[in-house]
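Engineer: Protein sequence lines, in the order shown, are assigned to chains V and R.
According to my numbering, the first sequence is numbered sequentially starting from 2.
According to my numbering, the second sequence is numbered sequentially starting from 3.
Each hint should be verified, as a subset may be incorrect.
Stretch by stretch, here's where chain R covers chain V in the computed footprint (C-beta under 8 Å, at least three residues) [claimed, not checked]:
#1 195-209
#2 252-259
A short, non-exhaustive set of chain R residues, derived as facing chain V with CB atoms under 10 Å [as the list claims (entries may be wrong)]:
#3 Asn86
#4 Tyr90
#5 Gly102
#6 Glu280
Pair ranges (Cβ atoms, derived) [claimed, not checked]:
#7 V:Ala95 with R:Gly288: 44 to 52 Å
#8 V:Trp30 with R:Asn166: 51 to 59 Å
#9 V:Phe203 with R:Thr174: 31 to 39 Å
#10 V:Phe202 with R:Arg301: 38 to 46 Å
#11 R:Ser26 with V:Pro198: 26 to 34 Å
#12 V:Phe202 with R:Thr174: 35 to 43 Å
#13 V:Gly142 with R:Gly18: 45 to 53 Å
#14 V:Arg200 with R:Ser324: 55 to 63 Å
None of these hints come from the bench; they were simulated from the model.
Where is the CB? At the ideal position from N, CA and C, for every residue including glycine.
Each chain, written out:
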Amino acid sequence: MKRTIFRNQLLPWLLLAPQLAITFIFFLWPAAQAIRQSFLRQDAFGINTSFVGLANFRALWNSPEYLNSLQVTAVFAVMVTVLSMGFSLLLAVAVDRTIRSSNVYTTLLVWPYAVAPAVAGILWWFIFNPTIGIMPYVLGGIGYDWNHISSKSDALVLVVIASAWKQISYNFLFFVAGLQSIPASLREAAAIDGAGPVRRFFDITLPLLSPTTFFLLVVNIVYAMFDTFAVIDATTEGGPAQATNILVYKVYFDGFVGQNMGSSAAQSVVLMGIVILLTAIQFRYVEKKVAY
Amino acid sequence: MASITLDTVGKIYPGGTRAVGDVSIDIADGEFIVLVGPSGCGKSTLLRMIAGLESISEGTVRIGDRVVNDVEPADRDIAMVFQNYALYPHMSVRDNLAYGLKNRRTPRAEIDRRVAEAAVILQIGPYLDRKPRALSGGQRQRVAMGRAIVREPAAFLFDEPLSNLDAKLRVTMRLEIKELQRRLRTTSIYVTHDQLEAMTLADRLVVLNAGRIEQIGTPLEVYRKPASTFVAGFIGSPAMNLISRRAVPHLPVAAQAGTIGIRPEDLSVAPDGPIEMEVLAVEELGAQRLVHGQTGGERLTVAMPSDAPLSDRLRLSYRLGSLHLFHPETGRRID
Numbered sequence: 002m003k004r005t006i007f008r009n010q011l012l013p014w015l016l017l018a019p020q021l022a023i024t025f026i027f028f029l030w031p032a033a034q035a036i037r038q039s040f041l042r043q044d045a046f047g048i049n050t051s052f053v054g055l056a057n058f059r060a061l062w063n064s065p066e067y068l069n070s071l072q073v074t075a076v077f078a079v080m081v082t083v084l085s086m087g088f089s090l091l092l093a094v095a096v097d098r099t100i101r102s103s104n105v106y107t108t109l110l111v112w113p114y115a116v117a118p119a120v121a122g123i124l125w126w127f128i129f130n131p132t133i134g135i136m137p138y139v140l141g142g143i144g145y146d147w148n149h150i151s152s153k154s155d156a157l158v159l160v161v162i163a164s165a166w167k168q169i170s171y172n173f174l175f176f177v178a179g180l181q182s183i184p185a186s187l188r189e190a191a192a193i194d195g196a197g198p199v200r201r202f203f204d205i206t207l208p209l210l211s212p213t214t215f216f217l218l219v220v221n222i223v224y225a226m227f228d229t230f231a232v233i234d235a236t237t238e239g240g241p242a243q244a245t246n247i248l249v250y251k252v253y254f255d256g257f258v259g260q261n262m263g264s265s266a267a268q269s270v271v272l273m274g275i276v277i278l279l280t281a282i283q284f285r286y287v288e289k290k291v292a293y
Numbered sequence: 003m004a005s006i007t008l009d010t011v012g013k014i015y016p017g018g019t020r021a022v023g024d025v026s027i028d029i030a031d032g033e034f035i036v037l038v039g040p041s042g043c044g045k046s047t048l049l050r051m052i053a054g055l056e057s058i059s060e061g062t063v064r065i066g067d068r069v070v071n072d073v074e075p076a077d078r079d080i081a082m083v084f085q086n087y088a089l090y091p092h093m094s095v096r097d098n099l100a101y102g103l104k105n106r107r108t109p110r111a112e113i114d115r116r117v118a119e120a121a122v123i124l125q126i127g128p129y130l131d132r133k134p135r136a137l138s139g140g141q142r143q144r145v146a147m148g149r150a151i152v153r154e155p156a157a158f159l160f161d162e163p164l165s166n167l168d169a170k171l172r173v174t175m176r177l178e179i180k181e182l183q184r185r186l187r188t189t190s191i192y193v194t195h196d197q198l199e200a201m202t203l204a205d206r207l208v209v210l211n212a213g214r215i216e217q218i219g220t221p222l223e224v225y226r227k228p229a230s231t232f233v234a235g236f237i238g239s240p241a242m243n244l245i246s247r248r249a250v251p252h253l254p255v256a257a258q259a260g261t262i263g264i265r266p267e268d269l270s271v272a273p274d275g276p277i278e279m280e281v282l283a284v285e286e287l288g289a290q291r292l293v294h295g296q297t298g299g300e301r302l303t304v305a306m307p308s309d310a311p312l313s314d315r316l317r318l319s320y321r322l323g324s325l326h327l328f329h330p331e332t333g334r335r336i337d
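Could you put together the complete structure from these sequences and hints?
Structural biologist: If you want it as structure tokens, here you go:
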């Protein structure tokens, strides 16, 4: 890599300033605000604010609703990650096998990533709408009565599909790039070594793809825990009966709808902690196994 | 161990491009065959067709008594050494060697025995538990060969295995491959664009040009009696001088000859020689000296001892019987 040496001490800071400003104003400052607010309690009219220590956190720990949301989030994140990564790997392998250089196909597959989460939510809300949607009609034909408004599991499946769908194109791009960087001669050598296509995939392709897989795992879990807010808001709004109320949506709902700023701030601090912890664990333990 | 027979083999890519055509070779059991030619001559394609990595458009490939046109690479009983070695980067050297045997459900003890044996032959014992990336180029090369020999296949296929090594190591490994093949007596097909590698390794050479065979023969046969102007210019270093007959009208050669070939080492300075050359450039190689010049508008190179006298104009004579004559249109040899 090329290394640039600046004579002027000020210039490098000046060049970094826009990015630093954005990071500070939109990430660090709000995060600091959230941490500060999580130790405070406002009265109902927002006039008095008092310091309450860890009371907000203690309240969360004792709230069955919050513990339920934790559980829903875990299930949701795992389902979204597995579904979107599994499906995009399947597509990527198909593309890699058949049309090594078809840019048109690849470009078309990337489109969903450009769709805003809220729009993706609406889209799937229409498709699965119990009254006018096409999927409930099809499912009705095979005897399944789809209704995500009353059924908790249906609602969860809906938000998982809508969230995973949006992420598939992103994962797909990285998987295709990862697959193309594996030299063809390795697979040929394995073929001569007597490994069939399935065996080659699991013995050669998948291990060599593991850096990509690991990276996507981190990205997808963070995506499922944070960026899916709009999908939930546009489809189920956390219902029915809290079945799809994931942590990030609950932060929004308790804070901006319920106006309980202290609890909402405490929740966002916990959420931040969980993601930091997960990412740290992944980098510390999982990454060691993927390096070859 | 097995013989390999190619019968009018051809390769046509979708779209109609012909990469290889009308190739017939009989390779005896235990023979070391080198396919040599410039890049794009179809030699690698031909090797990959024998390996089963490319489909065969025309003709038949036989390994032993079996036609293998539609046999999977794994079932052809061959092992291949790739140009970039194609070692599995996430497996240790030991697992790299054992992978093909494991896939064939070879008993554990047998795998261990063969891996240990290969490690001794190739002197890679100390590196068995390392990953390929921790090895030098030469060591990787040995592991790639080890992966081929543990399989104890009917034939080894080498696809330019030395081209990623530096010049010095290439010479050492060339010799090792030759010795190894002598010892194991396994039928081998070796692809290279390096005519020196081809000459030193081969029992027989197959010179390819534009997807077709120009000549098959032992290295000395090909060197002494090149079948065409292409072979004459390709085999031998420095390359043979190919000059038009019109440039040297007074040489006593057959009337139908269009091109005359003279190897630089067959020319020598003689005060009453029949060829007069104007010297343009001199290259000193230490033991000998290459003098480049022209005669009658044609380029000419002479290899001479480094103590031979030099001047701007030289008179040259050639060793008796050292002229090669080629047909003016077809470029084929005339005897």
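Engineer: Hint by hint, say whether it matches the structure.
Structural biologist: We went through each hint and held it up to the structure:
1. 195-209: holds (count 8)
2. 252-259: violated (count 0)
3. Asn86: 6 Å, holds
4. Tyr90: 6 Å, holds
5. Gly102: 4 Å, holds
6. Glu280: 50 Å, violated
7. V:Ala95 with R:Gly288: 44 to 52 Å: 59 Å, violated
8. V:Trp30 with R:Asn166: 51 to 59 Å: About 54 Å separates the Cβ atoms of Trp30 of chain V and Asn166 of chain R, which means 51 to 59 Å holds.
9. V:Phe203 with R:Thr174: 31 to 39 Å: 38 Å, holds
10. V:Phe202 with R:Arg301: 38 to 46 Å: 56 Å Cβ-Cβ, so the 38 to 46 Å window is violated.
11. R:Ser26 with V:Pro198: 26 to 34 Å: 33 Å, holds
12. V:Phe202 with R:Thr174: 35 to 43 Å: About 38 Å separates the Cβ atoms of Phe202 of chain V and Thr174 of chain R, which means 35 to 43 Å holds.
13. V:Gly142 with R:Gly18: 45 to 53 Å: 49 Å, holds
14. V:Arg200 with R:Ser324: 55 to 63 Å: 58 Å, holds
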